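Enquirer: Chain residues, written in single-letter form:
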Amino acid sequence: MDYLLHILVMVALYAILAGSFNLLIGFSGLFALSHAAFFGVGAYTTAILATSWGLPFPWPLFAGIAIAALVGLAIGLPALRVGGEYLVIITLALQIIAVAVMLNWTSLTGGTQGIGNVPRVWIGDLPLDTAGRFLPLAVAVAALSLWCAWRLGASPFGRALRAMRENEAAAQAVGKNVVAMKLLVFAISAGIASVAGGLYAHYIAFVSAVSFTIETTIYILAMVILGGTGNLAGSVLGAAILVVLPELLKFVDLPPDIADKLRQVMYGVILIVMLRLRPEGLLPEHDAKRARVPAGLGEGGLGPLAPPSAADGSVTVEGRDLMKSFGGIVAVQDFSIDLRRGRIVGLIGPNGAGKTTAFNLLTGFLRPNAGGVRFRGETVSGRAPHAIVRAGMARSFQDLKLFRKMTVLDNVRVALPNQRGDRLFDVYFRPWVVKAEERENLNRAMAVLRFVGLEAQAGELAENLSYAEEKLLVIARLLATGAEVLLFDEPLSGLDPGTMEGIFPIIRRLAEQGKTICIIEHNLDVIRGLCDWAVFLDEGRKIAEGTPETLIADPVLAERYFK
Amino acid sequence: MTRLSILATAAMIALAGTAGAQEPPKDPPVIKIGAIFAMSGQASWYGQVMSQGMRQAVDEINAKGGVDGIKLEAVIEDHKGAGGAEGVAAINRLMSIHGTKIVLTSFTGPTLGIAPIADQNNIFLINGGGVGVKMVGASKYIVHNRSLSSDLALGALQVAQNMGLKKMGQLHWKNDVGDYIVSSVEPVWKKGGGSIVATEAVPQGATNMDTQVAKIRAASPDVIGMWMFTPEVGLAIKRVREFGMKQPVIGVEFTANDAKVAGATAEGFLYINDYFKPSDDQPWSKQFAADYEKRWGKAPEFYAANYYEGVYLAAELVKRSRKKGGDYINGERLKAALYENPKVDSVYGGQMTFQPNGVAQKRVALFKVKDGKGEFQEFVQIK
Amino acid sequence: MDLVLQLFVNGVINGSHYALLGVGFGIIFGPTKITHFAYGPIFAIGAYGCWATATMLGLPVAAAAVCGVLAAVLAGVLSYLWLYRPFERRGSSHLVVLIASLGLFITLENLIGILFGTDTKVIPDISPGIFLWGPVVVTSIQLWQVAALAIVALLLFAFLRWARHGKALMAMTDNGEMAQIIGIDTVRVSLIAFAVGSAVAAVPAILILLKEGATPHMGFIAVFMAFVAVIVGGIGSFKGAIIGGYAVGIVENLGMWKLPTEWQSTIAFVVLFLILLFRPSGLFGRRLR
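Protein chains in written order, with the working numbering: chain B, 1 to 563; chain Y, 564 to 946; chain V, 947 to 1235.
Check before you lean on any hint, since a few could be wrong.
Unchecked claim - Computed Cβ-Cβ distance ranges for the label pairs, DEER-style:
| id | chain 1 | residue 1 | chain 2 | residue 2 | range |
| --- | --- | --- | --- | --- | --- |
| 1 | V | F954 | B | T106 | 27 to 37 Å |
| 2 | B | G296 | V | V1023 | 51 to 61 Å |
| 3 | Y | K861 | B | V269 | 25 to 35 Å |
To be verified - The calculated DSS-like cross-link candidates involving lysine-lysine, where the alpha carbons are at most 30 Å apart (straight line), are:
| id | chain 1 | residue 1 | chain 2 | residue 2 |
| --- | --- | --- | --- | --- |
| 4 | V | K1113 | Y | K729 |
| 5 | Y | K634 | B | K250 |
| 6 | Y | K882 | Y | K627 |
| 7 | Y | K823 | Y | K849 |
| 8 | B | K250 | Y | K861 |
| 9 | Y | K730 | Y | K861 |
| 10 | B | K401 | V | K979 |
Read the hints as simulated data drawn from the structure, not as lab findings. Nothing here was measured: the structure is a model prediction, and the numbers come from that model. Think of the CB as a built atom: it goes at the ideal place given N, C-alpha and C, for glycine as much as any other residue.
With the rest of the complex left out, here is chain B (with noise of 0.2 Å):
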């Protein structure tokens, strides 16, 4: 029986730790492994003040927490700088280092013997010094973990997690702070890991570093990826499934020389087997449940999108003398450019004319070497791309650079500004204003996919789409940010007329209703047909600029670019 109840305080742990590990990897796209270093922050934590300074059950816990939180910031530092491969072996070190220093720092874990004798959890006059007393405490505690993080991943913090693990550009773009994210998730990740470790260290009432090398870092590993990533009941299931294989395999008779040895040859095929039945996962992120969409929502439309003194010209963005240079090689240079309330701007030029570049030191994705950027008369250029998208000035993406992976409704919803949601704070304390919040923000995404025409679409992956889907769907999560001022990067561009004229409307009554557009295009029907005006740049200067007519009409131009 203590073998059975064994297993599942066994099952609650590894759910633990593989939930969290999913907060980072299915969830943000952070690619760490240093998970069972946080495991170890726990387990030492717990084991060193409850045994050495006697404190009781649960503060050892907290205090874990809060040093594997800290330790996770510290490892979540390089991440900011370096992802994929790099993030791995980066991380991979830190964990390397981090078993060194409890194997070496004697004083403090006892080393190599690691440190024994760990008091056992007491309830009232009980000790849970068995299996079974444990278990109720691990599943108590499991839960609540998991629930923190369910709570992370399905509030709208988690949304944006996803966002940023889909592409970091693009959340930037829709007012993410990435930095803030990244740290906090791993802070967060690491904090829940480390409940894990603690609980281990009351229960199993040893604790050394072997327990938590890079091999226990892969096995969880193996849960997440196994369970399907971005999907916390995955998780239980793939801890579930990886700690009761074993045990389930002790059951097949085998001849006892290499009757272990054989176990784990099975084990690592029918891993392997179960990958290849199910590659998502096994249980993947998406289900055809979630993506299902209330009908009837957002039909009461946008309202108005700017204050009603709109579309009144003033300028609303002024971009003086930008330079740009890339090693040596000047992108853009001398450019100024006003951009007004109401009115469309195009920006043409031929390819490598630094178009792109101008849209990136308009909107902070580049830092300029000269010049300055002022909207609504205070400078932003300096400023972090996401605080100008929340100062409302936004852009959109050549490349589209789509939350693939996302339905369309979440692509648009993720891009809604100033959300309670994002702050943990009320995700966890003030569930009730996120809620009502949340939603408020279905029916107003609802509307801007209504307005761009996607309402059909919207329980639909966003790789699904088709392209010209696909473009809509930029400019209604451009449009979703609610910024005054949009800036976009061909919006138009591989589309065939009819559709370009079906988008053409949309973005004439996003002026009419008074915001400040700017778009990069190449196509002079375009210009024509939208613009109010056309500012020409060539090798990163500005040639020309006025009315679309009179720029086509310039013979000079017309020798040049407009055969």
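Chain B is fixed; fit chains Y and V onto it per the hints.
Expert: For chains Y and V alone, kept in the frame of chain B given last:
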């Protein structure tokens, strides 16, 4: 029924037994002896050798009719050479599925995980592997039939001191046993007027130790203390010799595995170990070694002999305990049976004596490697 | 000073070993982008293949070494055909392939243990020549470790530079999609990458067999250090993997001049950490933009 009351009942039965109010012994249909070894993973060599020794003893005893007619059964679990949790899983399985009350254990991490559970559930533990300080007294019911590793190292120091050596370089496993030897060796060696010129750590399982050996060489010691276990001992000797160092090297273990790895470079290696000599004057040792080689195709290692002996120890204690009747197979009763008379027959020849701390005292001897085999030099009385 | 010299020489020798591991791993990782964890047990298969043919069939060591290389190549090719290719065909993510590779790692390592037992395997009666250069000691096997890198690197360089498949392999390393567009048979190139990478892996494995003996678990540290060498050097750079290997080898030896050796396995990672912090795409990796 709570565990406490089980314990109390067990104790009462035990008391009743000693008081002479004989209850008839409650015989199980078969006596299951559990084992928790590294059956897979990096250290699985140990598991393989230990389990072979254990299984041979079980089969031998059964062939002779078992213990008072009751057959033994070996149940072997895998702790993968890992930490406490794996040990806990294994002992829970042994308890819940097999109802085992006697468990052969190995490795520090798993054993320390097991110990509190053994205490609660009145399970008798026998460890025949390397003994670090934390293992001693880890459980009320744990005994060790191998000498404490630090004692062996202290024996090595005595030998070195007698040879008039002063400057020691140490190469040790970076694990609990290796670290413990280092910490116990240092004061004794310095008290004897020696100095330690280098202490270099090698992670368990690391095969490349060139840096460590180079640093020891640079410190030019006149003796090298080798506080490691197989197969790193063999590798280390090999590398020390290949680095052109001619100093005496003295250690606490040398197995056939090491002999194979070190080849000719092992010649002259000195080591202190429990005295084992399969020869005519030690009939049990000889018989065991011959049977083992016949069955497994290899000469037995110390680890095989220890766990072989562990099963015989368990059988002997069960037999003693059964005479008192009642529920006689549990930690409390078996421990009491052991300390009725702490002298028990040893496959190492003669008898071993269990000290009050649970560690067996065996005859310890100095061996010198010749032609790839340890040759007995002299008995060492550890002071 | 003598110690520093010796440690430097040790560092160069170990560095050659890591560099070889890294080159083999990089040849596979570059074009296929598969984090081939099972590179570890395939490394071990190289060593065991050599051991088995040398001791069981009594082949001379040189012939046995060829058998070891062939065994590794076979295992590598089969692992691609039977494991990775089906995953690729389904378009599985890198993560899923990585865990599948881990499954293969566990399977192969334990199969080796079952087939050959867990004791250390050595080829008996190999006694390496020992050379004393002033204060520095090296053995003939260590010299072979250095020479092996030089030979393998030259052969590979020629292969990648001039052979048709070699050039295709480099093209695929640079840009897999583009390679497909210009008509390179990526499956065939992947197969070649697995064959060549596994062959390269077998060389250091056989030298380790001669130097330290073989155990079923020997591949873990091998694949680990291979990965590290590739990342330190920069993904997709052949030269980088070599320099990365040397950097790790020399740092973990020279670093021990004053530091206690218990930090040896850590110091390489501290350096790695610092390198990546300041050069986020390794020493020779292309900047990601």
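Enquirer: Hint by hint, say whether it matches the structure.
Expert: Hints, verified against the model:
1. Taking 27 to 37 Å as the suggested C-beta distance range, the pair F954(V) and T106(B) conforms, at roughly 30 Å.
2. Between G296(B) and V1023(V) the C-beta distance comes to about 59 Å, which sits within the given range of 51 to 61 Å.
3. About 30 Å separates the C-beta atoms of K861(Y) and V269(B), a value consistent with the hinted range of 25 to 35 Å.
4. Between K1113(V) and K729(Y) the CA atoms are separated by roughly 62 Å; this puts the pair beyond 30 Å, and the hint is violated.
5. The straight-line distance between the Cα atoms of K634(Y) and K250(B) is roughly 23 Å, inside the 30 Å bound, and the hint therefore holds.
6. For the hint linking K882(Y) to K627(Y), the alpha-carbon distance of about 14 Å falls within 30 Å, and the restraint holds.
7. A C-alpha spacing of about 22 Å is found between K823(Y) and K849(Y), which places the hinted pair at or below 30 Å, so the restraint holds.
8. Of the pairs offered as hints, the one joining K250(B) and K861(Y) holds, with about 28 Å between alpha carbons and a cut-off of 30 Å not exceeded.
9. In summary, the hint linking K730(Y) to K861(Y) is not supported, as the alpha carbons are separated by about 38 Å, beyond the 30 Å threshold.
10. For the suggested pair K401(B) and K979(V), the alpha carbons sit about 23 Å apart, so the restraint of at most 30 Å is met.
Going through the hint list in order, the structure does not satisfy hints 4, 9.
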